[in-house]
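Protein chains: 2
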Amino acid sequence: MPRDSSVAVGNAAPQTSRSVVRAIEILDLMMERQTPIGVSDVIDALGIPKSTAYELIRTLTERRYIERKSDGRSYFLGPKLFELGMIYSAQIDLLKEAAPVVRDLRDRTGETVQLSILDNDHMLVMLKEESPHPIRIISRVGSRVPVNWAAAARLLVSDFDDTVLKEMLSRTMRESPTGLAKMDVAEVITDIRHFRARGYASELNEANEHAGCVAAPVMDGLGHCVAALSVVAPEHRMEKGKREELIQAVVAAAGDLSRRIGAPST
Amino acid sequence: MPRDSSVAVGNAAPQTSRSVVRAIEILDLMMERQTPIGVSDVIDALGIPKSTAYELIRTLTERRYIERKSDGRSYFLGPKLFELGMIYSAQIDLLKEAAPVVRDLRDRTGETVQLSILDNDHMLVMLKEESPHPIRIISRVGSRVPVNWAAAARLLVSDFDDTVLKEMLSRTMRESPTGLAKMDVAEVITDIRHFRARGYASELNEANEHAGCVAAPVMDGLGHCVAALSVVAPEHRMEKGKREELIQAVVAAAGDLSRRIGAPST
DNA sequence: CACAGGGGTCCGGAATATCGGAATTGGTCG
DNA sequence: CGACCAATTCCGATATTCCGGACCCCTGTG
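Chains B and E supply the protein sequences, listed in that same order. The first sequence begins at 148 in the numbering used here and counts up by one. The second sequence begins at 148 in the numbering used here and counts up by one.
Worth flagging that the hints you see were computed from the coordinates, not collected in a lab. Heads up, some of the hints might be wrong.
Put simply, identical chains are the same to the list, so a pair is met inside one copy or across any two.
Calculated pairs, EDC-like style, for lysine to aspartate or glutamate (alpha carbon to alpha carbon, straight line, at most 16 Å) [stated by the list, open to error]:
hint, residue 1, residue 2
1, 313, 334
2, 216, 240
3, 216, 266
4, 313, 268
5, 243, 277
Whenever a hint applies, use it, and build me the whole structure from the sequences.
In structure tokens:
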């Protein structure tokens, strides 16, 4: 195939290195499965020829991007990825400022606190401090969730205009595990505008049953929302007065963080 | 080149996917530089032809393994690596058990505590809880240090026999930033045997000036050292009685952790 | 306004990574 | 021990990716 010959059908791959894509697909597969996989899994999940699969896996193994598990016949993500991931996160200077703020807010509220950023068209959880209470945690650091699953995510996308949002949402919205997340584009957009205008976002029983969340936007110097702080708590600790307290606390903490990263201190 | 033709010079690459290796080298380069780099940096650091470099970078960018920074002309490690890294670490079930132990030991001692594992032939820091005191931290989570830089690392390699150690050490030992780390293979091996027999490792002023470290091994059911807990503190908080306290605390915590992951509770 | 320089894309020929299948190894079970 | 199945490596032909260089575009500058 001479690059993008003749008929030029609408395929969206102008020039992309095949084996790199396949290597990445192998990592993606491991990410989905969340458990070690064998070479033959790779072969028939991705349709790569046997010998090629072995070659790719060898290359990745040599560089420690994947590692052979002790059973000798399965592979999983390797330590090099952990190293790289940590360097990525260290590079985000927002995180340096945010770490103490997140801890502090956790201590102040006694609830689980998360800091998330926008990664392309999903929300990515970057930091978390857990509540001392024995409650369920909604998500893991490093997890990536669709916009319609989280209140904080609504804030993160609030800088986009309706056209972009419509396209993005219709492409990325998914049913939440509990089936309670909103699935209507217009409705979600209403949320987004409302939350942004109000200065905080909240949600109850949508992402997880019997749990709620309040979130506030972290703004940079230009007024863009670069991150969101959220507090997650079980239903019974989100009632009346308690809820107001939490809202006030996240908003204050997010404002504090915004100022630290250069927002005007209005 | 027909694979490993003719003369068979001693190069150790039997069959390896070129573009994947190059993609990895790009990530490695970013890891070294620790700062966003431009395409031309890549081109002349790695000697890749221009068009190929662009192709690789595009592929990596599309998959979010790297991201274009806001200046539009430089790239750095992307969020996908963070996701993958977090999945890697979540998969290590040792870490699930270790997290509370590390926190607890930090609270009990008031000093910075780290949990490290062996990654091939280096020590990899997997968890850290910082001391509330305003002291310098030696290393970052995700950092990878040679065996001769850390007391904990000596424990991690203590299962290998002398032959293996000699080879590994002579290959991986490096001068520490402060120039105080031991650089003699035999001496380091003596440390390794000594520390293992004694049940804990310690070091003062070697890795960092005016700071010391005590570490204890975490063992699995077969008596192999699978991880090491270490406490890092400034010199003046490592004297006499205080030091004994710390040793007792790490040893106890490491023993606790060992039992949790299935070591006999002797 | 013309020019230089750097970032980025496009293209055809040529080197080479890929593919299918055969060969080899390794482990399991009767 | 020998037969069987799966996992893994080896190999030569060939389809593909890669290379070098021409080209484009933007910006700054003499």
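Checked hints:
1. 313 with 334: Answer is within: at 11 Å inside a copy they meet the 16 Å cutoff, but 66 Å across does not.
2. 216 with 240: Classified as between; 13 Å across copies, 35 Å inside a copy.
3. 216 with 266: Close across copies (13 Å), not inside one copy (31 Å); limit 16 Å.
4. 313 with 268: Classified as within; 12 Å inside a copy, 50 Å across copies.
5. 243 with 277: between (18 Å within a copy, 14 Å between copies)
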